[in-house]
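**Student:** Top to bottom, those sequences are chains A and B.
Numbered per this note's numbering, the first sequence spans residues 9 to 100.
Numbered per this note's numbering, the second sequence spans residues 26 to 561.
It should be emphasised that the hints constitute simulated quantities derived from the structure, not laboratory data.
Yeah, the Cβ is synthetic: ideal placement off N, Cα and C, and Gly gets one too.
A portion of the hints provided could be inaccurate.
Stated by the list, open to error - Residues of chain A clear of chain B, computed beta-carbon distances all greater than 10 Å: (1) Leu-25; (2) Gln-48; (3) Ala-51; (4) Leu-57; (5) Val-89.
To be verified - With beta-carbon atoms standing in for the labels, derived distance ranges: (6) A:Val-16 with B:Ser-217: 28 to 36 Å; (7) A:Val-40 with B:Gly-214: 26 to 34 Å; (8) A:Val-40 with B:Leu-491: 30 to 38 Å; (9) B:Gln-261 with A:Ile-13: 44 to 52 Å.
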Amino acid sequence: MIHLILFVLSVAAFACLALSMERHQRDVVRRVLSAQATQQLRAMGWALLVFSTVFAMRGLGVGSGLAALSGHTSVAAGVVVLAMMAHARRHR
Amino acid sequence: MSQVDRSPKPRGIRQTMSDLHIWVGLLAGWILYAMFLTGTASYFRDELSRYTRPEIATPSTLPDAAAVAQRTVTAIMADTPAASQINLSLPSQRMPWVSAMWASPGGRGRHGFDSGLFDASTGAPLQARDTGGGDFFYAFHFNLHYMPAMWGRWIVGLCAMFMLVAIVSGVITHKKIFADFFTFRWGKGQRSWLDGHAAVSVLGLPFHFMITWSGLVMLAVLYMPWGLAKLPDKRQQAEVISEMRLFLPPQKAAGHPAPLTHVGALVQQAEQRWGTGAAGSVQVQNPGDENARVAVVRAQSSRVSTTPNYLLFDGSDGQLLQIKEHSGVAADTQGVLYGLHLGRFADAALRWLYFIVSLAGTAMVGTGLVLWTVKRRAQLPDPQRPYFGFRLVERLNIATVAGLSVAMAAYLWANRLLPVTMDSRAAWEVHLFFLAWAAMFVHATLRTPKRAWIEQFLLAALLLALLPVLTAMTTSHPLWHALAMGDWAFAGTDLTLLALAALHSLLAWRTWRHAPKAKRARPSAASRNAVPEAGA
């Protein structure tokens with residue numbers, strides 16, 4: 009269960025971070041978001057990552073927690089990239 | 026290589042690092058690819074060891090560790106009364122049997138050791154086909170094969186060092202590591218390959234760096250022996266080593282027989298201290314002698330670090346002699362890195378994460394190797410007749426990347442099909458792995474590159490996809506049965522093999538569909554002779 013939560017948190021964090029970048033805003037919402045919205049997305053992404061780190065360390069212990077988080081963030085970032093690719097192909 | 030290199034203009038750090046990255050990556054790439062893929066498979070070493078011994082039934086419950094230890098030690102002592110040393114790995118969820126080694130004057134293996142598997146519930150020896158199981162991929166990953174293990178470790182260490190250089194130089198070369206973090210551009214030839222290579226590298230970067238660095242640190246004493254060599258005598262060196270890993274000082278036998286204490290009770294004591302299921306193995310020195318020693322070792326699944334954790338008992342009266350639960354800071358640092366590399370502490374979910382990110386690492390090396398040819402193909406004076414170096418790299422890439430999948434699948438086919446009564450059966454599984462791999466090298470030289478890629482990917486897909494069928498036909502663990510029983514060593518392996526078969530079919534299909542973009546004004550057949558030396 010804790011792994012599922014960590015994975016969902018990581019995907020959400022990277023989705024926010026990706027959407028705080030101009031190139032991906034153009035790809036996904038077809039326009040550039042306001043500076044304020046961009047900043048909020050970036051802050052949200054980083055906050056989620058910090059929260060996941062604390063959550064992982066408290067739930068699984070410092071060592072295993074950090075190792076698990078590293079795995080979840082890597083795979084989650086990969087999922088976000090794949091989602092961007094799939095989206096780009098569909099709307100080409 | 027190209028004319029840019031000869032220009033007098035001083036080159037920036039990025040260009041220099043890029044060249045370093047490309048050449049270091051290429052030179053070590055083929056061995057690194059094989060290390061990465063066999064290492065990735067080794068995260069499921071225990072599961073593969075079960076998958077390759079299908080005659081052993083999967084028990085529904087695990088018996089109490091203390092009873093198992095007692096039963097197995099008694100069984101081995103009854104069978105080999107002269108045993109001077111008995112080592113047991115206690116059963117776990119992943120490996121539900123006892124794996125034991127025991128030394129005796131009549132022992133057939135190295136240092137007089139015999140080995141065997143025992144039923145956890147009855148203590149009876151388990152009969153299974155002679156196989157390397159998951160241990161072959163694991164050992165090949167750092168010892169290679171057909172050469173002394175030490176040579177293999179030096180070669181592997183050199184490649185890991187190259188890998189570390191490639192990682193650092195790659196990060197410096199990659200200008201927009203954050204701006205391009207989520208970017209992949211389809212159908213843009215070299216650009217797409219670069220994006221793909223960067224994506225699998227950057228997303229798994231913490232893992233890739235950790236695995237490479239920790240791999241070197243694991244064998245640090247081999248690669249840098251001078252610190253330890255400074256110590257004046259062997260006893261002190263052994264003391265240092267015993268801080269780093271499980272190494273019990275040899276205990277001389279007294280020569281006076283004395284009954285061995287109840288080993289199960291000692292395992293129970295350890296479990297009270299560390300928790301149920303946390304006793305991983307038992308070592309008995311001089312069983313049946315007055316000077317017997319019993320060590321109960323903590324399971325690697327219960328902690329990250331691999332530094333030694335054990336309780337040492339007097340084997341004749343059961344008295345606790347030593348509690349070893351701490352090591353020095355340096356040993357602890359090495360132990361944590363060692364543990365992170367092996368991932369033995371990982372639960373099922375984390376093990377899958379290890380596997381997936383490690384596959385990304387394999388893809389990183391594979392895409393890097395292919396990128397070398399993609400980049401240079403565009404500059405070939407005559408794409409039909411590339412120079413020798415280009416052809417060599419291209420063929421080696423095919424046989425390494427696609428060929429290794431064929432070889433690994435062939436190993437599992439050999440496991441299923443070689444006669445059970447065959448002499449040196451386990452060795453022949455390995456020989457067939459290398460024969461299949463060698464065949465792929467020959468095949469890659471005989472076919473055009475595109476055909477070779479497609480045929481080898483297709484062959485790998487076919488071999489992988491048919492393995493579950495072969496398992497259903499030749500064992501009592503068909504996929505549907507394993508799924509119904511929740512027997513994940515079999516069901517999980519079969520499903521993973523099917524997923525890998527799908528991946529290889531996809532790769533074959535994409536290669537088949539691939540049509541190189543029309544190049545800007547390639548030299549026509551008539552004008553080929555006009556540019557003979559530009560590419561070499």
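**Student:** Are the hints correct? Go through all of them and say.
**Tutor:** Hints and how they fare:
no. : hint                                : in the structure
1   : Leu-25                              : 8 Å, violated
2   : Gln-48                              : 18 Å, holds
3   : Ala-51                              : 16 Å, holds
4   : Leu-57                              : 13 Å, holds
5   : Val-89                              : 5 Å, violated
6   : A:Val-16 with B:Ser-217: 28 to 36 Å : 30 Å, holds
7   : A:Val-40 with B:Gly-214: 26 to 34 Å : 28 Å, holds
8   : A:Val-40 with B:Leu-491: 30 to 38 Å : 51 Å, violated
9   : B:Gln-261 with A:Ile-13: 44 to 52 Å : 49 Å, holds
Comparing the model with each earlier hint shows violations of hints 1, 5 and 8; every other hint is respected.
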